[in-house]
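Asks: These protein sequence lines are chains A and B, in that order. By my numbering, the letter at position 221 of the first sequence is numbered 277, and the numbering carries on one by one without gaps. By my numbering, the letter at position 246 of the second sequence is numbered 302, and the numbering carries on one by one without gaps.
Don't take each hint at face value.
No copy labels: a pair is met if it fits in one copy or bridges any two.
Claimed, not checked - No farther apart than 25 Å at their CA atoms in a straight line, the calculated lysine-lysine pairs in the PhoX-like style are these: (1) Lys224 x Lys279; (2) Lys277 x Lys166; (3) Lys162 x Lys184; (4) Lys277 x Lys220; (5) Lys220 x Lys234; (6) Lys162 x Lys224; (7) Lys277 x Lys322; (8) Lys322 x Lys162; (9) Lys185 x Lys234; (10) Lys345 x Lys183; (11) Lys277 x Lys162; (12) Lys277 x Lys224; (13) Lys345 x Lys166; (14) Lys184 x Lys166; (15) Lys224 x Lys184; (16) Lys345 x Lys184; (17) Lys322 x Lys185; (18) Lys345 x Lys234; (19) Lys183 x Lys234; (20) Lys220 x Lys279; (21) Lys166 x Lys279; (22) Lys224 x Lys345; (23) Lys224 x Lys185; (24) Lys183 x Lys162; (25) Lys185 x Lys220; (26) Lys162 x Lys279.
The hints are simulated quantities; they were obtained by calculation from the structure and are not laboratory data. Treat the numbers as computed from the prediction; the structure is a model and nothing was measured.
2 protein chains.
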Amino acid sequence: MASNPPASNLDLINECDSFPHPTTSPQAYHAYTTTLYHLRVAAHPETTLGYILPDVAAVLHNLPDWEVDDESIPRTITLISGSNEAARSDVVARTTEAMRMTGHFKVLEKWRNELYPVYGPPSGASKKKELLFSMERCAAPLFGIVTYGVHLTAYTRTTGADGKDEYKIWVPRRARTKQTYGGMLDNTVAGGTATGEGFFESLVRECDEEASLPEELVRSKAKQCGTVTYFYIRNATAGGETGLFQPECQNVYDLELPSDGSVVPKPNDDEVEEFYHWSVSEVREALGKREFKPNCALVILDFLIRHGLITVEDERDYLEITTRLHRRLEFPLA
Amino acid sequence: MASNPPASNLDLINECDSFPHPTTSPQAYHAYTTTLYHLRVAAHPETTLGYILPDVAAVLHNLPDWEVDDESIPRTITLISGSNEAARSDVVARTTEAMRMTGHFKVLEKWRNELYPVYGPPSGASKKKELLFSMERCAAPLFGIVTYGVHLTAYTRTTGADGKDEYKIWVPRRARTKQTYGGMLDNTVAGGTATGEGFFESLVRECDEEASLPEELVRSKAKQCGTVTYFYIRNATAGGETGLFQPECQNVYDLELPSDGSVVPKPNDDEVEEFYHWSVSEVREALGKREFKPNCALVILDFLIRHGLITVEDERDYLEITTRLHRRLEFPLA
């Protein structure tokens, strides 16, 4: 049986950052953004907060709290009820709960009871970002809002015979029973950040829950190294409806562990099957086989790039990849 | 005398990455890109290679090797002579030389006798990038082509009393007599990469020329850590005509030097006045005072972000800055 050719690094990016780019595919981008409905709130009528598919928009027609405009350019769905965060969040909760009750949307079957934040444009002299409302996590792709998370790569580093650094990366395999991407490879620690939780605090919590990493070590040694951002259009591997929109912003952290093996990640719940301690070539082989969850592949590529383990000399698409890992999204951010 | 308020990190980005973004300023972007002339070559009639101001386009009217279309959307200037790289480069050399002779363009007074590459879209099964032609360095902003370079940050790292890393960064001050940005702060080593030169090889050369850093050390210890990309519209500080376009792609390198001071950068020509060995807070103060050359400020910000010295917790605009340092350009890249 012939095996598939290995994925290039750019293939991995294209599979995760799949929404067309306005700079390089202006026609496709225009076609998408004029067909979709732009999510807005009455207080910021010019600011798009997410993209909604026409199929989903159909369900929001004739609801009292929402105004759907099919004729405007772009088409819009505006939350017209609620003049502050709490009131808007209540309306959104009622709407998403009602959508769940219809049983129409498969993604809503994975209800998490976790609220994710939606921000408005910077305002006032302080340029503070306003929290407009929160929304149940599993409904986020129906409204195409930006979601946030933290991804950490734990690794060890030793000096090789040639005097160069030799890296080994801790890679978990997701439990085969997990609802999404079961059995795929992941980043050492990764999770979503809910409303009201600080990014670093959510990292500390996830490091304990997912990898049994001691809090004190994480607080003193985990280093934020930037972000990875992309705009994913859900396909069959994500489960649930396909074609939904997931613009995501991941805060990226590195954690160098002692090379003597005195600290190693261990599964702490049933989400992780096993942790591997892999060389860079083992990691790259698994990338080529598409074994990583799509967005985790991007975080690994960012790690390899930041540590000089992929360079412009050995990667044909380097200059494209380094920009694609940091997509500028068209929505207000946290 | 009142001093100016310090620049925020986002101010520094906005001053260097000043061309409007299509995602967040679609109207301004559209206004620019429909007013400008799009540089093309006959072999790739759909691919824009750079942006040309109407003032510059006027000079290219009625030249035999170029076809100017004022009526198309977008407006185009197409190089119609030359069917291969050498022939196109000859035509471009004749054109830029003729433009220089008129004495009309101030930027052409700084003729460098250095050729910069212009690439076409990836082609064929190998997705190889085709070198379309080369152009004299100082003419690049008149045609708005992407230029490439290498920027290295040399630093030392020690462990502070709190167990955290303490960084000191080597920062040169440009000679006051330098034609551009005289007296401003720079990255430890930085330079443009000409046609035919590899990025890493150009880095090794510049490390010797600008900072007397030993070749063997640079080859074994300098690490590529990604790129910084931005789209600059030249203003008065750049010298010459204002409003010209400079989309740039900088390969970014780190070089950790021994903390015992056994290797330190030293000026090797008259381009650098002095090297400072500054703490992070000294560097940040100089950034706030706009003492860095604009694009070098971005490379320093990228360094501080990659090393966890700026985080999402202490920088209001973190999530915007991390994407803005990696702008996706609309032109084919090397």
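Asks: All the hints need checking, so say for each whether the structure fits it.
Replies: Here is what the structure says about each hint:
With identical chains, the CA atoms of Lys224 and Lys279 are at most 25 Å apart both within one copy (17 Å) and between copies (17 Å). Proximity of Lys277 to Lys166 under the C-alpha cut-off of 25 Å is found in neither arrangement, the shortest distances being 34 Å within a copy and 48 Å between copies. Taking identical chains as interchangeable, the C-alpha atoms of Lys162 and Lys184 are never at most 25 Å apart, the minima being 36 Å within one chain and 42 Å between chains. In this assembly of identical chains, the alpha carbons of Lys277 and Lys220 lie at most 25 Å apart whether taken from the same copy (22 Å) or from different copies (8 Å).
Within a single copy, Lys220 and Lys234 get their C-alpha atoms no closer than 38 Å, and across copies no closer than 37 Å, so neither meets the 25 Å cut-off. For the identical chains of this complex, Lys162 and Lys224 are neighbours neither inside a copy (39 Å) nor across copies (53 Å), given an alpha-carbon limit of 25 Å. Taking CA atoms no more than 25 Å apart as the test, Lys277 paired with Lys322 passes inside one copy only; the shortest distance there is 18 Å, against 33 Å between copies. For the identical chains of this complex, Lys322 and Lys162 are neighbours neither inside a copy (32 Å) nor across copies (64 Å), given an alpha-carbon limit of 25 Å.
In this assembly of identical chains, Lys185 and Lys234 lie within 25 Å of each other by CA distance neither inside one copy nor across copies; the values are 34 Å within and 42 Å between. For the homomeric pair Lys345 and Lys183, the shortest alpha-carbon distance between copies (20 Å) is at most 25 Å, but the shortest distance inside one copy (44 Å) is not. In this assembly of identical chains, the alpha carbons of Lys277 and Lys162 never lie at most 25 Å apart, being 40 Å within a copy and 52 Å across copies at closest. For the identical chains of this complex, Lys277 and Lys224 are neighbours both inside a copy (17 Å) and across copies (19 Å), given an alpha-carbon limit of 25 Å.
Taking CA atoms no more than 25 Å apart as the test, Lys345 paired with Lys166 passes in neither setting, with 28 Å inside one copy and 51 Å between copies. Taking CA atoms no more than 25 Å apart as the test, Lys184 paired with Lys166 passes in neither setting, with 33 Å inside one copy and 44 Å between copies. Neither within a single protomer nor between protomers do Lys224 and Lys184 lie at most 25 Å apart by alpha-carbon distance, with minima of 40 Å and 31 Å respectively. For the homomeric pair Lys345 and Lys184, the shortest alpha-carbon distance between copies (23 Å) is at most 25 Å, but the shortest distance inside one copy (43 Å) is not.
Proximity of Lys322 to Lys185 under the C-alpha cut-off of 25 Å is found in neither arrangement, the shortest distances being 37 Å within a copy and 45 Å between copies. Taking identical chains as interchangeable, the C-alpha atoms of Lys345 and Lys234 lie at most 25 Å apart only when both belong to the same chain, with a minimum of 20 Å there against 51 Å between chains. For the identical chains of this complex, Lys183 and Lys234 are neighbours neither inside a copy (40 Å) nor across copies (37 Å), given an alpha-carbon limit of 25 Å. For the homomeric pair Lys220 and Lys279, the shortest alpha-carbon distances inside one copy (22 Å) and between copies (10 Å) are both at most 25 Å.
Neither within a single protomer nor between protomers do Lys166 and Lys279 lie at most 25 Å apart by alpha-carbon distance, with minima of 32 Å and 44 Å respectively. Within a single copy, Lys224 and Lys345 get their C-alpha atoms as close as 19 Å, which meets the 25 Å cut-off; across copies the closest is 41 Å, which misses it. Neither within a single protomer nor between protomers do Lys224 and Lys185 lie at most 25 Å apart by alpha-carbon distance, with minima of 39 Å and 33 Å respectively. In this assembly of identical chains, the alpha carbons of Lys183 and Lys162 never lie at most 25 Å apart, being 38 Å within a copy and 39 Å across copies at closest.
For the homomeric pair Lys185 and Lys220, neither the shortest alpha-carbon distance inside one copy (44 Å) nor that between copies (31 Å) is at most 25 Å. Within a single copy, Lys162 and Lys279 get their C-alpha atoms no closer than 37 Å, and across copies no closer than 46 Å, so neither meets the 25 Å cut-off.
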